[in-house]
Amino acid sequence: MNLITWKKLMSKKRIDNFVTNYNKKVFFNFDGKKLSGFEGESLASALIANDIKLIGRSFKYHRPRGIMALGSEEPNALVRIHKNDRIEPNIQATKVKIFDGLVSQSQNRWPNLKYDLGKVISFFSRLLPAGFYYKTFMWPNFMWKTYEYFIRRLAGHGKASDVHEDPDKYEHIHFHVDVIIVGAGPTGLVSTLLTAQSGLKTLLVDENNYFGGCLLYENDIKINSLEGKVWAYKISKKLKKMPNVTLLNNSTVFGYHDHNYITIAEECSNYSVDEYLTFPRQRLWKVRAKKVILAQGLIERPLIMSGNDLPGVMLSGSVRGYINNYGVLPGDEVLICTNNDDAYRTALTLHNVGAKVKYVLDIRAKAKGKIIESVKNLGIEVLFGYGIASVNGNREVKNVEIGPLSEAGSSIIEKTKKIKVNLVAVSGGWTPSVHLFSQSGGKLIWDKKYFCFKPSIHVQEEMTIGGTDGSFDIKKSIDETIGKTKTLLKQFGIRTFKKVNLKIEAPSLSNEIRSIWRLPNEQGKKTSDKAFVDFQNDVLTSDILLASNEGYNSIEHLKRYTTLGMGTDQGKTSNMAGIGILSNKLSKNIEEIGTTTYRYPYTPVTFGTIAGNDIKSLFDPVRLTKIDPWHRLNHAKYEHVGQWMRAWYYPQKNENFRDAVNREVYNTRQSAGILDASTLGKIDIKGSDVRKFLNMIYTNDWSSIKKGQCKYGLMLKEDGMVMDDGVTSCINDNHFHMTTTTTGAPVVMSWMEEWLQTEWPNLDVFLTSVTEQWSVISIAGPKSRDILKASNCNVNLNEKIFPMMTFKDGLIDNVPARIFRISFTGELSYEINVPSKHGLRIWQKILKNGEDFGLMPYGTEAMHVLRAEKGFIIVGQETDGSVNPVDLGMDWIISKKKNDFIGKRSLAITSSTNDRKQLVGIFTDDPNKVLPEGAHAVESSKEKTPVKMIGHITSSYFSPNCNRSIALGLIKNGHSKFGDTIYFPLLDKDVVSAKIVKPCFFDSKGERINGL
Amino acid sequence: MGYSYLNLKDKKVLNSTSCFKKEQILSKNKDIGITINYHNNINIFNIRGNYKISDFQMLVNENFKYKVPSSIGRFNQNKISFLLNLGPDELLFISLGSNLTTIEKLEKNLKRIQLTITKVSDQYEMLNLTGKKVRWILSKGCPINLDKNFTVPGLCFQTILGHSNVILFCKEENSFSLLILSSYLDYVINWLKVSSHEHGYKIFN
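So the protein sequences, as listed, match chains A and B.
Residue numbering for the first sequence follows this note's numbering, starting at 1 and increasing by one per position.
Residue numbering for the second sequence follows this note's numbering, starting at 1013 and increasing by one per position.
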């Protein structure tokens, strides 16, 4: 850095607190070096100011890389930043604002940046062209794991934190607006002003800290006699005061989805904030906008030539930006190479701050214009028809070789001349930033005049303005913006507008541009053809040509083969050159080549931002029953059932899982057990057509069910397969209470609502979910009647008065209760429903009274064993969406009388097919061997692989009541194979032999259900 | 084996089992952005059927001195009750306090005019949310447009908050009520606490 220039730049008058605060010095660290900068400037700017050009090593060849650009288009300067445990790799130095204590590190180098051993790879670069992975590591097959180990160690850029828990806080926000404007450059600001003044709810988003876009980086634009950035500052201040306007700085719109749904990543605070547990670091905005205005501007393209990746080769506009925005000079001996007028502005800016511009090489054969004359008048030599043959240097630019181009631009026709420089500013033209437009579904068109793709067909409620629209002249684009925004306002019914008078003074630039996608080397001179197209993924011109030679002539194929544009920069600076080189190679017009698909995200987004606060306990809700405090107090072990946390088992003293479950199962059959069944789905059904409705929903007949009766029902989907089951009770003629499985409750509810609303709107039936209205306490076992009696229950429990499959309303301990005589265990059982606010009290009351009768709580595991002993199915365990009632041996539940029910037709078809898997019981030959659920059944123990699978185990337990293992399984034609032996080859190579038996292992006559 | 039992008459014990505990966190500026208040004595009824019939309209008018909300997503209220219009054939009646007489009368009359009524008081928990940051905090997990010019007092929504289904109704510019399925209460309280942390919050019963 030239100290005189630096001081000169620093003494420039600036607006207070605007961009860089020269009053506040900030100390930071790069690769162990303590450096200083000023508050507000980017890490890239501070590194340039500290004369650091080498920032990192490239992805594949470990080439030295420096800063090339100014913003999110930067492909090279990726760093790892951290403070204490908070580490983030692959951050663009151009996007990080420095702060006291910032520690930054270069990436992809070992042992250090200057002497990187990985550089050795570049010596073998000829052996490592595009696709070398596919060609090299295909053989021999068995070596792949070895190759993979090394490839994975070499792959990637930065290293993520070893601490796998992100300490920062993130959040999401939903936001609705009339208009969102993306990009706060001059056109974005003008458009925002118009919509805001019209009273529309407006959101303006920009990725920079300050609004103004290109105005921040230019010193030759004046609006209403004010320096561009001052005008922008004043407008943004004005907008900030308007209540209908929200301004979002440091925020990147990274996704444009269907129906004008926009996603924005906001940097709320950087690592300098210590209260990171309180304040979100990043926020994801989920915006629904009636209209979207895209004003993201233009991205400058580099020129492609040998050595174009060396630190010190920068985009011309970015050089200007660093000087004008941050007051830092990237180099003081400069060569400019351009194909358009814009780079002459850089020459003027450089000259004004005292840098020596040695040459302006203009690859155009000739060009005229005021700005060119201005440059010439300063004594800067302009060479038309000249190009750079190569940029040379070890770790940074030392010199360039230049020479005159042939008429076609395909060769350098004279011996090159070597020029000593420390900065090369290049401009290969400008590309409209159409990423979001393309994401919205919009179609692009090739602009032959400006050599770029620009928006053509708009699909969503969106418009493009300024540079994004392919407009290169600031005056013209502001005029167009005013016109377009007024048209948009008319769509909101706004007819009168406040006048926007803007007097714009900007340099006059010609439209002429010459496109040479790859500048040639000196004719006949042997060079190491390191002309990079994609800097981040180390894609060379030669890679593109090779891919084309190998047949990858579609740009989408070429992209995948070479990884062109697949880096975190999304090919912002590389895609156009890649397309251009391919079009030259194929001698096709660029429009015939087309573009690749632009995808989200526009810039990288952290996983934290995407997750928001949906982490840890908020990742997925945990639903708890009202009785849950008792389970916790008594040290229940839990299992997840859907979102519910259910008591799984209640270990006593030093009991292990199996002992506890065995005790609970045994005790329930010997005396009684109590279960918290509150999670069962419950639906209140009312209306005069409920019976008709149930007849369609269930397979059995509901016409004759009477008040006080309960009935088990099976629901099928339209395909005839079992969907859910449960007991439905007739509370009175027009009122029914349906129960569903715990996990099936929401599905069944919405499914039934769908049928009612779409197919049977004429039915007088209303559904209300009452799952949480009732706490359900199930008592099962021979002593359950006595226990209920002892619990201050006023219902007559006599078997004749209160038989199985009926219910009674009554009081338990003066709490209104609905008691159902239904059983999922095969034992005498009562399911007691009480309003859930009384659930805990009644649970405690019954259990306390029942302790003398041997009553013990049992969890879901014991419940599973108890029902399996009886061969009762659980939907979702014995069924998997491909099992019908006949397969389950439940033909008895299919009504022969009914004309129709959901799934009837499909059931008739599927139940008549052969070779269906059918539910059977399984007894292992070794009674102590418990088969794993999911174990596959085969017919013979000696079959060779691939073995024909004939079924699988659906439920498997040790039954303390049968004193042996029991299992249920779906076996092909199982109902005709009772007594057959089948085999279960297990993962531990053991093969278990077992017999097919009837799927009921305990009390097969059903004598215990009445407790007699 | 003797099991442990909770003394449900002891308020301390009850509080220890509840996720709803008095708590206050101030923001950096010593502010409270949201106050969360738990309503523990409410009666809620789901009313289904053709509520546009004049008998029902009269019944509501006589008993509660307000009209049945005319369009979906609106509610009417008096000091002790709310009537939310949730759908073309669905209303939700919320009565604060335990004055059952009016409700029982309503239930009896509803049967007469062939509307169905289902008591769902225990199905839901109700939270009152007030404070200058209430809309911002709710927007963190609720996808509806909570702009004060859009969601005005008198509007109600069946929507989501985080991953929980909720019914949200706007009573005043910075005052909302939230009906939550009771099994989601822990989750929603936790969600509100995490989302309000930077703005400051106060929870009281």
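Do not rely on the hints blindly, as some may be mistaken.
[As the list claims (entries may be wrong)] Derived DSS-like pairs (lysine-lysine); straight-line CA-CA distance at most 30 angstroms: (1) A:K848 <-> B:K1117; (2) B:K1040 <-> A:K706; (3) B:K1183 <-> A:K241; (4) B:K1160 <-> A:K486; (5) B:K1040 <-> A:K286; (6) A:K135 <-> A:K34; (7) B:K1205 <-> A:K707; (8) A:K25 <-> B:K1131; (9) A:K711 <-> B:K1120; (10) A:K837 <-> B:K1040; (11) B:K1023 <-> A:K837; (12) B:K1123 <-> A:K808.
[To be verified] Per label pair, the in silico range of CB-to-CB distance: (13) B:S1083 <-> A:R599: 37 to 43 angstroms; (14) B:D1101 <-> A:M804: 32 to 38 angstroms; (15) A:K498 <-> B:K1144: 28 to 34 angstroms; (16) B:K1079 <-> A:T913: 44 to 50 angstroms; (17) A:W755 <-> B:S1083: 54 to 60 angstroms; (18) B:M1070 <-> A:F607: 31 to 37 angstroms.
Note that these hints are calculated values from the structure, not bench results.
Heads up, the beta-carbon is just placed ideally off N, CA and C, and yes, glycines get one too.
Now the hints, each set against the structure:
1. A:K848 <-> B:K1117: 38 angstroms, violated
2. B:K1040 <-> A:K706: Violated - the C-alpha atoms of A:K706 and B:K1040 are around 64 angstroms apart, more than 30 angstroms.
3. B:K1183 <-> A:K241: 28 angstroms, holds
4. B:K1160 <-> A:K486: This hinted pair holds, its Cα atoms lying about 26 angstroms apart.
5. B:K1040 <-> A:K286: With a Cα-Cα distance of about 26 angstroms, the restraint between B:K1040 and A:K286 holds, given a limit of 30 angstroms.
6. A:K135 <-> A:K34: 45 angstroms, violated
7. B:K1205 <-> A:K707: This hinted pair is violated, its Cα atoms lying about 47 angstroms apart.
8. A:K25 <-> B:K1131: 67 angstroms, violated
9. A:K711 <-> B:K1120: 28 angstroms, holds
10. A:K837 <-> B:K1040: Given pair A:K837, B:K1040 is violated - Cα atoms ~38 angstroms apart, limit 30 angstroms.
11. B:K1023 <-> A:K837: Answer holds: B:K1023 to A:K837 is near 15 angstroms, not above 30 angstroms.
12. B:K1123 <-> A:K808: Holds: B:K1123 and A:K808 sit about 22 angstroms apart, inside 30 angstroms.
13. B:S1083 <-> A:R599: 37 to 43 angstroms: 42 angstroms, holds
14. B:D1101 <-> A:M804: 32 to 38 angstroms: 36 angstroms, holds
15. A:K498 <-> B:K1144: 28 to 34 angstroms: The hint (28 to 34 angstroms, Cβ to Cβ) holds, given that A:K498 and B:K1144 are roughly 31 angstroms apart.
16. B:K1079 <-> A:T913: 44 to 50 angstroms: The hinted range 44 to 50 angstroms is violated for B:K1079 and A:T913, with Cβ atoms some 59 angstroms apart.
17. A:W755 <-> B:S1083: 54 to 60 angstroms: For A:W755 and B:S1083 the Cβ distance comes to about 26 angstroms; the hint is violated.
18. B:M1070 <-> A:F607: 31 to 37 angstroms: 58 angstroms, violated
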